[in-house]
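Q: From first to last, the protein sequence lines are chains A and B.
Going left to right, the first sequence walks through residues 172 to 260 as the working numbering numbers them.
Going left to right, the second sequence walks through residues 12 to 317 as the working numbering numbers them.
These aren't lab readings, by the way, just hints derived from the structure by calculation.
Watch out, some of these pointers could steer you wrong.
The calculated DSSO-like cross-link candidates involving lysine-lysine, where the alpha carbons are at most 30 Å apart (straight line), are [claimed, not checked]:
no., chain 1, residue 1, chain 2, residue 2
1, A, K245, B, K60
2, A, K225, A, K245
3, B, K66, B, K91
4, A, K175, A, K259
5, B, K66, A, K224
6, B, K307, B, K283
7, B, K58, A, K259
8, B, K246, B, K279
9, B, K27, B, K55
10, A, K257, B, K91
11, A, K184, B, K33
12, B, K58, A, K251
13, B, K15, B, K58
14, B, K58, A, K175
15, B, K246, A, K184
16, A, K259, B, K55
17, A, K259, B, K275
18, B, K66, A, K245
19, A, K224, B, K307
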Amino acid sequence: MNNKDFLSALARKGELPSRVVNQQTAALVSEMTSALEDEMSVSISSFGSFEVKKRLERVIVNPTTGQRMLVPPKLVVGFKPSQGLKSKF
Amino acid sequence: MEQKITQIELAARMAKRTGFTKQDSENFVRMFFETIREGLLQDKLVKVKGLGTFKLIEVSDRESVNVNTGERIRIEGHTKVSFTPDNALRDQVNRPFAEFETVVLNESTSQQEMERIDKPLAEPVKEATEGKKTEVKQEAEKEAKPSVEKTVVVQPEKPETQDVKKPMPSKDSSWTKRFMMLVLLLIVLGLCYYLGLNHGREANEPQPAPTDSVEQTVVKEPTVVKEPTPEELAKNYPQVEGGDYWIVGEIGVHEMRAGDGLLKISRKWLGKSDLMPYIVVFNGIENPDVIPPGAKLRIPRLVRKK
């Protein structure tokens, strides 16, 4: 299910015009992004929570050349499904 | 990650942005995630632009061991929900660290790193022995010459300078004294450095290091340099013809257990499984496919040919 299918399914479900759906979705996504950017976790009941975690820097070795590389630290978004969501599948 | 925002708070923020009522926004958020769940049930995959991809992943049954009782347990297969953030979201979140890039570590950086790691190892040994020595020296000196002179300058962190200065005649003028002291100080420092170097080397040598072979050679090179070259050392050992490494010594002994293979041992001790031929040659193994459990294999120390 790609983005287009998703938006039309959402419009059908909520009986909303697609313009409203697009607008609301954009707002939701950008608010979630800015919340995560501030390192706040976003928890949605009966779905799960999104949170930002720090991955530490590490050294990796290319096994064929033996070359060593330092991978920098990064912040990644993780998702943890709630119990309710897990039991649905 | 102290703070947490809920869907109600999220809806309130959205409402502020879009101008819809809070109620509408809350309903929308709920519907949004319900639709994702339904989409997952239907297609096992939902892509949302700007947010990311949700996917259902089947996990099959597997066996595991209960860590408390040691008994074998079976973990039932289940379905996992995975989430991969969209590139836009990923970059946005990672912005504080965005300027960092993967750096290739060349020989020199790794050497510096190794030295940094080595120092804390070598230092305490050096200091401990040094401290003991000076104490002994001091005591001996005290017994021999109970009170030769009073020291001019007090240097609590360097008791050696005082010791060595003692046999010096105290009638000298203060200038020559100072000069002599300086010279002595330099000599003592040189001695310290030399001793420290030796201790460092001694402390380095017996370490069994079954780690990465690349690191291994890097660590050894600076210490081995002044000693015989790898080529000279290599004459004492059987060599792999056409190989990239010299065998210059032994780093340890591995006792074969059931389930051990040469590739596995090579990976464990030398960092790469394809260095296995060096173990075969070093031990003069005739049939590498059959090595009885309990057999002891010597693991070669390898230095890359130049």
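Q: Taking the hints in turn, state whether each one holds.
A: Right, here's what the structure says about each hint:
Between K245(A) and K60(B) the alpha-carbon distance is near 22 Å, which keeps this suggested pair within the 30 Å criterion. At most 30 Å may separate the alpha-carbon atoms for a hinted pair to count; K225(A) and K245(A) meet this at roughly 6 Å. As the CA atoms of K66(B) and K91(B) are separated by approximately 8 Å, the hinted pair is consistent with the 30 Å bound. For the suggested pair K175(A) and K259(A), the alpha carbons sit about 24 Å apart, so the restraint of at most 30 Å is met.
With a C-alpha separation of about 20 Å, the suggested pair K66(B) and K224(A) falls inside the 30 Å cut-off, and the hint holds. Pair hint K307(B) plus K283(B) holds up; C-alpha atoms about 20 Å apart against a cutoff of 30 Å. At most 30 Å may separate the alpha-carbon atoms for a hinted pair to count; K58(B) and K259(A) meet this at roughly 19 Å. Proposed proximity of K246(B) and K279(B) is supported: the alpha carbons are some 26 Å apart, at most 30 Å.
The suggested pairing of K27(B) with K55(B) is violated, with an alpha-carbon distance near 33 Å, which exceeds 30 Å. A hinted pair counts as satisfied when its Cα atoms are at most 30 Å apart, and K257(A) with K91(B) qualifies at roughly 7 Å. For the proposed pair K184(A) and K33(B), the alpha carbon gap of about 19 Å is at most 30 Å, so the pair holds. For the hint linking K58(B) to K251(A), the alpha-carbon distance of about 17 Å falls within 30 Å, and the restraint holds.
About 25 Å separates the Cα atoms of K15(B) and K58(B), which keeps this hinted pair within 30 Å; it holds. Taken as a hint, the K58(B) and K175(A) pair is honoured in the structure, with Cα atoms around 9 Å apart against an allowance of 30 Å. About 80 Å separates the Cα atoms of K246(B) and K184(A), which puts this hinted pair outside 30 Å; it is violated. Under the criterion of a C-alpha separation no larger than 30 Å, the hint pairing K259(A) with K55(B) is consistent with the structure, at around 12 Å.
Simply put, K259(A) and K275(B) have alpha-carbon atoms about 43 Å apart, too far for the 30 Å limit, and the pair is violated. For the suggested pair K66(B) and K245(A), the alpha carbons sit about 23 Å apart, so the restraint of at most 30 Å is met. Restraint check: the Cα-Cα separation between K224(A) and K307(B) comes to about 46 Å, which exceeds 30 Å; the hinted pair is violated.
In this structure, the hints that do not hold are numbers 9, 15, 17 and 19, in rising order.
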